[in-house]
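Participant: Those letters in the sequence shown? Residues 0 to 178, per numbering that gives the first Met the number 0, in order.
Watch out, some of these pointers could steer you wrong.
[To be verified] In silico lysine-lysine, BS3-like type, Cα no more than 27 Å apart, as pairs:
hint, residue 1, residue 2
1, LYS86, LYS75
2, LYS108, LYS133
3, LYS108, LYS86
[Said to hold, decoys possible] Listed next, with one range per pair, are the computed distances between beta-carbon atoms:
hint, residue 1, residue 2, range
4, VAL55, ILE83, 46 to 54 Å
5, ASP92, MET129, 52 to 60 Å
6, GLN140, GLU107, 42 to 50 Å
7, ASP77, GLU110, 47 to 55 Å
8, GLN100, THR71, 53 to 61 Å
9, GLU112, ALA90, 30 to 38 Å
Rather than coming from a laboratory, the hints here were simulated on the basis of the structure.
From the three backbone atoms N, C-alpha and C, an ideal C-beta is built for every residue, glycine too.
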Amino acid sequence: MAKTAIAYKEKMKEISVLSLICSCLYPETRKNLMGDFEDMDIKPINKRASGQAFEVILKPTSPVSDAAHCVTTPPKKDISLEDIQKKLEAAEDRRRSQEAQVLRALAEKREHERDVLLKAMEENSNFSRMAEEKLQQKMEQIEENRMAYLASMMDRLQERERRAQEVRRNKELREEVTA
């Protein structure tokens, strides 16, 4: 476990390819980068199922390094009443502009919704009209088929009736001939 912690610390000290290229161009950057890793302490933790675990502890910075990182704040400049009013007017203009832009977007959205609704209503009416026409044609076809069926049934009945009359006549003629 200690070997893996040392290996991890060594890996942390290695620099990326980009840093290596930059260090060739700017050697002082590499010195600063390596100095950052010297303030680090790595302790191995119990092995996990997913691999090794480490605790990285950063050592407290020394008082000498605090002076190097101290940044002075820029002095405040005096703001006049006119500057404040100009900033407020600019903010008000931005607010109005943004409000107008939002209203334009809402108007465009409403117009789009209206167009979509009109198109949907038109398609619905077209569909209804087409469905009604289809239904009308189907009803006409059914009526024609029914009439044709009834006509064929009437023809068959009439043909049967004619045949029955002929048979009766032939029977009567036979009875007259035999009598």
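Participant: None of the hints should be skipped; say for each whether it holds.
Facilitator: Evaluated hints:
1. LYS86 <-> LYS75: holds (17 Å)
2. LYS108 <-> LYS133: The hint is violated at about 37 Å.
3. LYS108 <-> LYS86: violated (33 Å)
4. VAL55 <-> ILE83: 46 to 54 Å: holds (48 Å)
5. ASP92 <-> MET129: 52 to 60 Å: Cβ of ASP92 to Cβ of MET129: about 55 Å, so the range 52 to 60 Å holds.
6. GLN140 <-> GLU107: 42 to 50 Å: holds (49 Å)
7. ASP77 <-> GLU110: 47 to 55 Å: holds (50 Å)
8. GLN100 <-> THR71: 53 to 61 Å: Violated - the Cβ-Cβ distance for GLN100 and THR71, about 41 Å, lies outside 53 to 61 Å.
9. GLU112 <-> ALA90: 30 to 38 Å: Cβ of GLU112 to Cβ of ALA90: about 33 Å, so the range 30 to 38 Å holds.
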